[in-house]
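Chains as they are written, first to last, in my numbering: chain A, 1 to 547; chain B, 1 to 297; chain C, 1 to 373.
The set of hints was computed from the structure by calculation and includes no laboratory data. Note that CB positions come from ideal geometry on N, CA and C, so glycine has one too. Just so you know, not all the hints are guaranteed correct.
[Unchecked claim] Covered by chain A, per the in silico footprint, the following chain B stretches (three or more residues, Cβ under 8 Å):
# : region
1 : 163–176
2 : 180–188
[Claimed, not checked] Taking CB as the label site, the calculated pair distances span:
# : chain 1 : residue 1 : chain 2 : residue 2 : range
3 : B       : 152       : A       : 153       : 48 to 54 Å
4 : C       : 115       : A       : 288       : 32 to 38 Å
5 : C       : 188       : B       : 154       : 56 to 62 Å
[Claimed, not checked] Coverage of chain C stretches by chain B, computed from C-beta distances (three or more under 8 Å per stretch; other residues unrestricted):
# : region
6 : 113–127
7 : 250–261
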Amino acid sequence: MSAASVAPASSARAAVGGVGLPLLRVRDLDVTYAGSVRALRGVSLDVPQGCVVAVLGSNGAGKTTLLRAISGTLPFAGGSVAAGSIQFAGRDLHRMAPAAVVRAGVVQVPEGRQVFAHLTVEENLRAGGLAAARRVRATARQRVYELFPVLRQRAGQRAGLLSGGEQQMLAIARALMASPRLLLLDEPSLGLAPQMVERIADVIAEIRRQGTTVLLVEQNAAVALELADTAYVLEVGRVALHGPAAHLAGAEEVRDRYLGGAAVKEGESAAAAKARIATDDGQRPVAAVPELVVEDLSVRFGGVAALEGVSFTVAPGSVHALIGPNGAGKSTCLNALTGVYRVAAGSARYGGIELTRLRPHRIARLGVSRTFQNLVLSPAATVLENLMLGRHRHGRAGFVTTGLRLPAARRERAAQEDKVRGVAELLELSAVLDRPVAALPYGAQKRVELARALCAEPTLLLLDEPAAGMSAEESARLAALVAQVRAELGISILLIEHDMAFVMGIADQVTVLDFGRRIACGSPAEVQRDPEVVRAYLGTPRREAGR
Amino acid sequence: MNQFVTLLANGVSLGCIDALIALGFVVVFKATRVVNFAHGSLVLLGAYVIGRVHENLGFAGAVLLSVAVTAVVAALVGAVLLRRVRLAEPGTLAVVTLGVDIVLATDLTRRIGTDLLTTGDPWGAKVVTIGTVHIPQTRVAAAVVAVVLVVAFLSVLRFTDWGVALRAAAERQETASLMGIRPGRVAAAAWMLAGGLAATAGLFFTAFPSPGISGSVGQAALGVAVPAAVLGGLDSTTGALVGGLAVGLTATFVAGYQDQLSFLGRGFGGVAPYLVMLLVLLVRPAGLFGGKETTRV
Amino acid sequence: MSRPVRLALGAVAVLLALAAPLSLTSFWLQTGLFVMASAVGAIGLTLLVGVTGQLSLGQAFFVAVGAYGYAFLASDRAGAGERVVYGAGWPPPLAAAGAVLLAGLAGVLFSPIASRLRGIYLGLASLGLVFLGQHILTNASSVTGGFNGRDAAPFRLFGFSFTATNPDVVVLGVPYGALERLWYLGLALLALSWWYARNLVRGRPGRAMAGIRDSEVAAAVMGVDVRRYKAGAFTVSSAYAGLAGVLFAVAYGRIVPDSFGLLMSIDLLAIVIIGGLGSVAGAVAGAVLVTALPLVLSHYSGALPFLAQPGEDGIGAAEAARMLYGAAIVAVLLFAPGGLAQLVRRTPSTKEQDHAQTSTGAGDSALPDPGRV
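Just chain A, same shape as in the assembly:
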């Protein structure tokens, strides 16, 4: 151990005052966005001095919101603390500006690394140390370069040129420059290769050994539970479970939901149900729905391959899931298929028509429709207006007929509205058709997006994380709805999801991507057992988690 392992100067003070009191105390925290969307409800959390506390949960559970509340950056996202308290070493963090929070000793490493790409590594570190006193900075820099020797080597390089793993290390190093007593880490393993994840985990363990307390937010439950002393599981803004990490790792609920354990059981019974639907539904117009054949698809961004040689086939009328770690290229694949990204090589043929040469609106006219990961609705418009946009390709009223209110335009609008109301009823949106979309809760907004995609009467529906931010109950309802849509309309569905229960329950075929390449393809049960998939995505606990 080197001289730089000297703990931050203020830890001496901590050792003297209140050993029993947790360093960070969150009590009954309520956070809302734009005054209406409740992101956190009554969350209570304790982070004892010198420990690593993990916060787990799926997308939209509120983990990032929790960190934002602590670091004081809620206003940037339009959020505010509605109730509850956050206390750090006895001080109320609640209304402090971010700069003050940093000076108090709490520093956050944001999600997605967020390095300053145009600044060099050294300048990034310097930015991180701005809040600290000058004499502390030199020590901090020493410490940082010892933890991350590779950064010392790349000190003069622009941060944008570093690899993902190196950027993550830079982001952590940057935060350490302020010599924090409490380090908040937002999903450090996001989109990193397993070996890199292990390196980061080692670093976090070392940081903790040096005396810094860590609050770790992670989707990769295996790694988080490995590192942590205690853990909390957030679901839809509430603390669903909490306790010592070892206990939680063994808990069946955690294994099922976050370690992808029990989905196999569900998958088997759902497959039987699917088989039933397939045989006795004679109305399904399979012939009308073409096949999507993706062959050797490659997408590159300035030299970096986001997708490399990916191939899969979506059989007519089937549900095909695309899974993999964040940054694996799943959204890139959807974007390439819908003409948003240009393809570097390979082909995607829908009913024999080559998609990669067409502009997005032409692909839409072939019957391909999609939803987005980050909602892209018109917030001020009503639900009805948003859904009507989905009918665009079925309409013909132009500038002349609409502007002059010719009868043709009026008739068309009436017919479109009928269709839209039908879809709205299917998705239980009839009651809110006349309300502005922005006033609806997040789950309802996601349903509006799905409804809009359905209004286009697609034959191929692409869903980008449809269940993100939904509670277990909501996502089960959504899965049933998707299955129903497929059964009634007979359309093909290609979906991206992290929620393993959701995927395994309704998918016929699963393709697994990692680093832009396909690493597995097959039925849900096959894929779940595939060792490559387990290693890259589902997680290998360094100790046996499953018993």
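Let chain A serve as the given structure and place chains B and C on it in line with the hints.
Positioned in the frame of chain A, the structure of chains B and C alone reads:
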């Protein structure tokens, strides 16, 4: 040939002044994402203060006072007014600066009235002769001052804490605040800097051989800042410099070869920079050095 | 405001507007015509900026095309030799239609360039268009009359002349001269513009355009041909500008290049933003506020005690008007960034809604862009 070299020399020196104006414009945009349509009025304000007080305080004193006053006014506009509309659309913010510009320009024009204000600079109408090339002394001084200021500014930007903070905040505001960087302070400092640059530019913009300090200076300055900043890329300081030089050279050459270019119409010199700007945008939609926006869906 | 209240207010406004020429003086009539023309131009601009999200500062250019187009097409050839100013001598309604078409065509021609540019770059590039336009107007004297401008032939509809005579019209004891007759022409054109724009916004094209503003990618994926709709938006908005130009030319009888510069573009943009982006009614309300205010102030300057008379020290009427105009822009936007339409409708500003939606995503946004994403 002689004419060409003279025009080149004068164009470069005018370009230095234009670069100063563009730099102030770009500093504000870089730090706060606001297109400051009031920048021209700030230039006029700087010139006006010098014009009014140089007889009492002497030239040096007038310049110092002008820089101080303009910096303060700029900071007031930026910090006070625009912080309140932080959540508004960028178009709205631009229109707010338009409103400020109207108020400022009208008041300054009224105060100048029919007075003939001069800058009272020590170089007057003297001319420097190098070989057969004649350049007004004010222009030489302008070029020297501009180079010094630009080098100083770029050094500050690259080497000091504040410079790092500004660049970090310009790139990612929320992440920068996680580091303890206060976007409000960074913005206020950027506005003050813009004000100081505007005042200095105002001095040279209205000195010989230009006709003097009048209400139209504001419009003229904005008419330089916009094409220069846009063709260089709104968020690039290098772009502002290149843009300023391009605009100065264009204006000088067009005016110099006016006879040969008479078919393009009278007064083409004022419009030529905009034409150059449009041509650059056709090839590079974000300006020569502007950052490319990426869409994340 | 509830529906019956709004309808009642609207009915009252319409009645007042129809009866106005009976009691208003020429100053007010001409101001009113000016407001109507601005309103038409602003409606077009709000379709482009507010609905489709394309920030354009170039509206004044298309207004000039309309105004000069009408002047050229409707007037006869005047002058001789060096000072000749050409004219086509068409019947005025045809000339007006032609001018509007010319302006629309100019919009179509500009739109491919515009499609390549984003956000503020588009705005500033369109500003360049305005200056180039003014340059051409000042120099192409044989068509435009050069710096001093040219006359525009008075409007005539099927023999009914919009001047003080031919025929003589007396309504309720009030002789209807040029301005009174033009008032009704203006009202009719404004009403038509309003009606067409509202239909467009509420219909399929309006939804497509709003889709482009909120997310070009999402709109494209829903089947919207983004390039075509952007071109369409530019065409429609420049046609509106052209119509506004025709109204200007007809109302004033004489046009000069100076009017169609940066100031007019700023005025139109200010009207649109103060009225509320995307709101047709807001554009009209904004036009009343922004256009009439300076004129009213200068007219009544004698009555306001703190204003200086010409020649005295202190703030004169014109300056006070201008400064008040600037201050009003700032004040309205400080307190209602969504414009008058937001005040009336009381909807949350769109930025807050964006943040609500991305509550799970990382926070930082890239460069600003009215076209979002």
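- request: Enumerate the violated hints, using their earlier numbering and listing them in ascending order.
  value: 3, 7
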